[in-house]
Amino acid sequence: MKFKIKRETLLKPLQFVIGVVERRQTLPVLSNLLLQADTGKISLTSTDLEVELVANFDLDVQDGGEITIPARKFLDICKALPDDSELNIGFKNERVQVRSGKSRFTLATLPAAEFPLIEDIKVQMEFSVPQRQLKKLIERTHFAMAQQDVRYYLNGLLFEIKAGQLRTVATDGHRLAICEVDADITSDDHHQVIVPRKGIQELARLLEDSDEKALIQLGSNHIRIQLPDLRFTSKLIDGKFPDYNKVLPKASDKFIHAGRDTLKQALVRTSILSNEKYRGVRLTLDKQSLSIQAHNPEQEEAEEELEIDYQGEPIEIGFNVNYLLDALNAIPEEKVTISLSDSNSSCLIEPAESKDSRYVVMPMRL
Amino acid sequence: MIIHLDMDAFFASVELRERPELAGLPVVVGGSASGRGVVAAASYEARRYGVVSAMPVASAIRLCPDLVCLPVNMTLYVSVSKQIHEIFYRYTPEIEPLSLDEAFLDVSASEKLFGPAAEIAKQIKSDIKNECQLIVSAGVAPNKFVAKIASDIDKPDGFVVIEPGTVQDFLDPLPIKRIWGVGKKTEQLLQQAGMETIYDVRNKNPDWLIQRFGKLGDHIYRLANGQDKRAVISDAKAKSISAETTFASDVQDKDILLAMLSQLSEQVAVRLRDKDVKGKTVSIKIRFHDFKTITRSKTLSEITFNTTFIWNTVKELFLQVLKTGVRPIRLVGVSVSGFSAKENVQGDLFEQDVKQDKLDVLSDEINQRFGKSRIHRGRKLTK
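Protein sequence lines correspond, in order, to chains A and B.
End of the first sequence sits at 369 in my numbering; the numbers just go up one at a time, nothing left out.
End of the second sequence sits at 386 in my numbering; the numbers just go up one at a time, nothing left out.
If you are wondering where the hints come from, they were derived from the structure by calculation, not from laboratory data.
Be aware that a few hints might be false.
Taking lysine to aspartate or glutamate pairs in the EDC-like style, the calculated list, with each CA pair at most 16 angstroms apart, reads [to be verified]:
#, chain 1, residue 1, chain 2, residue 2
1, A, Lys358, A, Asp152
2, A, Lys249, B, Asp351
3, B, Lys301, A, Asp152
4, B, Lys283, A, Asp185
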């Protein structure tokens with residue numbers, strides 16, 4: 004294997020794939036990345052056995068070959084070399100040599116055959132959506148995923164695929180986030196797959212606000228997403244996502260119409276003096292007014308009064324302020340609608356105009 | 004003074020009490036004739052055939068073809084155990100339970116009220132016999148180490164009192180393996196150095212022991228001299244609830260290990276619910292054949308006393324340990340810690356978890372009321 008490459012050409016794909024290389028490895032080869040050089044093409048692959056990332060780019064390759072090299076050290080070397088350096092990469096005596104100007108590095112290798120690749124995912128269905136849409140689906144919902152929950156099927160993001168529509172749902176059992184976009188899906192089948200948290204975090208990092216298509220492929224145990232120069236593959240969580248439709252509030256009779264920023268800022272200020280562990284705030288609603296109160300074990304108190312558009316009955320209800328803020332932060336629109344029924348039932352937060360994302364939050368007993 | 008109380012063949016004795024028709028037969032609790040379970044307890048009749056607890060049921064049946072195998076009814080044992088603890092509580096609040104059938108009592112402060120420790124132990128033995136129709140072995144001694152040996156040395160129906168002045172006379176002739184922390188390997192090494200009894204260890208230069216075994220050497224020397232400063236830690240002060248089992252012979256079979264861990268998980272969960280506390284951290288303890296001991300824990304996102312949640316976490320932790328290679332295992336344990344008394348104030352979207360908790364409590368109640376394992380989870384010792 005032998006090729007020459009500009010530092011800048013290498014850096015971006017390297018930074019893309021480095022994400023799944025964990026620092027502590029059970030298998031030594033997992034701290035390496037697979038470097039494959041072919042006629043006119045280089046590909047870099049990393050894996051943690053759950054998520055696999057492949058970056059491809061075109062290059063004039065002198066001699067082809069494949070080998071695995073320590074991922075972080077290789078990235079650190081590339082980062083530390085001066086701008087516009089040219090790297091000469093070659094393989095000799097079981098080692099990879101990187102030369103650039105007056106610098107020379109010799110890296111240990113492991114055979115490419117030892118690198119665990121996710122080969123054929125047995126594609127059962129595929130469709131495309133613009134990258135921008137996929138990015139939106141993730142950004143609007145990912146924060147509600149559970150973390151290390153014993154209900155393992157909550158530690159990921161649900162993708163629900165049906166004719167004409169792609170939807171994502173995340174929940175940790177206390178709050179839930181849904182977002183949907185129109186998609187060019189012709190299949191009449193209804194598919195639900197759960198992508199693990201780790202995979203979603205990586206995917207979020209790779210997606211850009213572009214109209215270029217992302218090809219989504221579903222296998223029986225994997226999801227694969229093809230981007231122009233990148234390929235993302237993740238195992239799926241083998242489990243059944245709870246029936247989220249059942250928990251969408253339907254009996255709401257009290258509606259708050261408010262400006263997102265005004266509400267957000269009032270909540271942020273109040274939250275400073277809420278209990279650090281439980282994060283409770285109390286919302287008291289009356290005709291055209293909302294008061295937000297918080298107090299902590301040190302007996303400190305915060306109170307905010309807001310004039311809002313509210314016509315319903317007076318009500319008092321407690322929430323974890325972080326859940327409200329997470330939802331408000333995910334909504335880009337200016338105006339939001341919050342629907343309530345009583346102090347023991349969940350509330351629904353959604354943008355006032357579009358209904359493409361919805362957030363359900365369970366109250367707290369205060 | 005400390006009293007160590009150890010119920011004789013507890014699970015098996017409770018079952019025999021419930022089913023008088025089985026009296027005199029060799030009985031074990033745990034697994035079934037066809038299954039690959041582990042003996043959780045063996046009656047003294049069964050022990051005569053060489054059947055011991057933590058032995059695979061299949062081997063037990065080979066030793067004793069007429070063996071009666073009964074399923075484990077943890078809830079029943081927990082309720083009997085609770086009854087026994089109530090008897091202990093009449094004499095002292097300083098109770099440290101080691102498992103359902105074993106506890107240390109510190110009666111130092113009770114002697115003024117109830118008379119000498121030996122009298123208290125005798126009274127407890129007779130209370131348990133009269134009220135529960137069960138036999139307990141008791142050891143009375145100035146510290147935990149000696150009390151535990153004392154309760155064991157005359158089992159079943161043991162009653163041994165070691166007064167402060169006679170500790171050394173009692174310990175000296177005992178074999179070295181009686182010392183806590185002296186396993187097969189240490190025993191061999193000590194024997195190679197010419198030590199057979201506790202007397203021999205006591206007369207050895209402590210520096211030699213420390214040089215040879217480090218911290219363990221110091222520990223061995225102190226115990227051999229009848230010194231054990233550990234206090235009795237009562238449950239109210241306990242920061243975790245745990246259960247563990249040492250196998251009669253090392254086990255490598257994954258299914259048997261999982262079955263035992265499942266049983267221990269349930270035991271811990273039932274005790275948590277009984278005390279109405281929920282914990283956040285689930286831990287397992289594994290001691291390998293070479294005495295290397297590891298613990299692995301996982302902190303959950305919510306406090307729980309839910310059997311399923313605890314068992315799933317235990318299974319996950321254990322399977323992770325197995326990934327590093329399968330070796331014969333001597334002891335497994337489960338514990339839950341990170342208690343929080345505060346009820347979770349955050350509402351739940353999916354009521355099923357809440358329902359599961361209620362179901363667990365309800366099934367505990369049914370089992371308690373009707374004695375036998377009317378309701379239990381699908382996965383048990385049998386597979």
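Comparing the hints with the structure gives:
{"no.": "1", "hint": "A:Lys358 with A:Asp152", "in the structure": "29 angstroms, violated"}
{"no.": "2", "hint": "A:Lys249 with B:Asp351", "in the structure": "13 angstroms, holds"}
{"no.": "3", "hint": "B:Lys301 with A:Asp152", "in the structure": "11 angstroms, holds"}
{"no.": "4", "hint": "B:Lys283 with A:Asp185", "in the structure": "42 angstroms, violated"}
In this structure, the earlier hints numbered 1 and 4 are contradicted, and the remaining ones agree with it.
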